[in-house]
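Peer 1: Take a look at the letters that make up each chain.
Number of protein chains: 2
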Amino acid sequence: MAKIKAAILGFGTVGQGIYHIVNEKREDLKKSLGLDIEICAILINNLAKERPETPGVLVTDDFEDIENIPGLQVVFEAIVNEEPAYSYLCRAIDKGCHVITANKVMFSKYSIPLQERAKSRGVFVGYEATTAGGVPIIKTLKNLLQVNSVKKIQGILNGTSNYILTQMRLEESPFEDALKEAQLLGYAEADPYNDISGQDAFRKLMILSALAFGKQPDWNEVRVVGIDEITLEDVRKAKDTGLRYRHVAEIEQDENGELYASVGPQLVGPDHPLYAIEGVNNAVSLDTNYIGTLTLVGPGAGMYPTASVMVEDYAEIIGKRAGFFITI
Amino acid sequence: MAKIKAAILGFGTVGQGIYHIVNEKREDLKKSLGLDIEICAILINNLAKERPETPGVLVTDDFEDIENIPGLQVVFEAIVNEEPAYSYLCRAIDKGCHVITANKVMFSKYSIPLQERAKSRGVFVGYEATTAGGVPIIKTLKNLLQVNSVKKIQGILNGTSNYILTQMRLEESPFEDALKEAQLLGYAEADPYNDISGQDAFRKLMILSALAFGKQPDWNEVRVVGIDEITLEDVRKAKDTGLRYRHVAEIEQDENGELYASVGPQLVGPDHPLYAIEGVNNAVSLDTNYIGTLTLVGPGAGMYPTASVMVEDYAEIIGKRAGFFITI
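Residue numbers (full-length UniProt numbering), protein chains in the order written: chain A, 1 to 328; chain B, 1 to 328.
So here's chain A without its partners, still in its complex pose (with noise of 0.2 Å):
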């Protein structure tokens, strides 16, 4: 059987994981894609450091020694920051691979140049994993955007921030502890500060922006404001009036085509749809022409969850390079 030579760049959490699921699934995705994967090099940061074993698999610091494994066909990007990132995957584009990346700050800034790249070499971007984690939110839009258009887009992105806010609701935390917690749990970065100034949740909404309408607002003209200044006493102020807080990224088009996007907490009470959305959930929901208001639910962050997305987007990639057709 024909085999698929992949490489994973970066092995933290997401990396980890989709190395797991790859291997786990591996005869599953034999069956069902008639092509046998094997994950034959992994790029890290630091060689020193401890990593779970990966018998047979080149481990290199090195992105040429990647670039030249003959017959490479798939790069999963999951490295953090625009910079090495955005060059590693335009020369693995340049190479003929595909690439299936989970930086949203790279791809935020770089979607645009990255596909036409891709387009023009005639492989593909898969980017499910840069957006609301698990939530398959960019095959949606895709399919959806076959018919219908959308109007507005509004949704909690940062499953860090819905994580804070739900912990010092439930358990009366201070921001610092479920802070704290967060990060133990791994949902949040060493260095917090994308997920609490509502960074994290502004570069998504970019994304999901630039695949519903075509293109992005000015990025100085969108006011951004994180949880970072919430306290304990608000959260209890808003709990003792049935409120919650819930961090909301939102962008609209109005009928001249301008877009206004604003990031930010807001209260909700229990009939708002996300009300109900707690812990390290991430929700988005399309207004559209034809269909009404569709909401996706789903975990925004963590290993595995991510991971899925993303051999689900090789899934995708090879089923159609492959020339059949994705059924069940």
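Any given hint could turn out to be false.
Copies of one chain are not kept apart here, so a pair can be met inside one copy or by any two copies together.
Unchecked claim - Below, a list of computed lysine-lysine pairs in the DSS-like style, where the Cα atoms sit at most 30 Å apart:
1) Lys215 - Lys31
2) Lys320 - Lys30
3) Lys142 - Lys31
4) Lys5 - Lys152
5) Lys31 - Lys109
6) Lys30 - Lys49
Just so you know, the hints here were simulated from the structure itself, not pulled from any lab data.
Got chain A; can you put chain B on it based on the hints?
Peer 2: Chain B in isolation, oriented as in the chain A frame:
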């Protein structure tokens, strides 16, 4: 530009919705698919009945007229009941047509033979519209199953029942008044038995079961209870204690692969994910091994939501057949 000839079987609410959307989106579909679509025939039950004008389209009450259209490639089916829908679709498949159905009564029973027949003829069956209206649960589930296994499915699958329960609570309407209103709004059929008895939700649950687990439980062993015995008094009592009635369909697979399903009203509190699902909305939650719990919420009935997902099925099938990939 090559043209795809399509026919619509049944010209009620959903059939008319398809006709309208296909005509409104024709230019966009041309651009995205590189193929034009033409609705060239409509099958109706009663030629004497008044209906919207469809200039240039063959309108007939004889399926043979449709079967004999040279080069017909797609059949949209929006009839109710098993027969003659199933026979018509078999004949369409035998002629080499892709079929796209909204008929849950037929499809819950014949999903396996219909899909096998289509496979052997090299055509596709689209059935997103059979389950949960405008909510793309079929596509989401198919995609998830590439990597995940599903343990449990739980949802509100009948928009009419949910609309009636919502109106009884919000407007303090008796059951009969709320039902009449649902009929006026086009949510409930003239004969509302399938909706209010739970049978409609049951059929949709069986479609999800076939897809998620590759089989269905013994139909006779599933307890199916409708909303027809819930009184205004019951709803008021629940409301006074902060609870809401929801009509819930659920199915679970145990470790031995046995399926356990039930359909009936449940009382839920504000923290339950189905508490905030109001009106004609449907919701489906999928418990999966890697992603965790994913929930989709959207309109469970209505002309445009249902017709829209059928046209999306068309775009998906034709995109695949034409050998290109649906991307935005």
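Peer 1: Sort out which numbered hints this structure fails and list those numbers smallest first.
Peer 2: 4, 6
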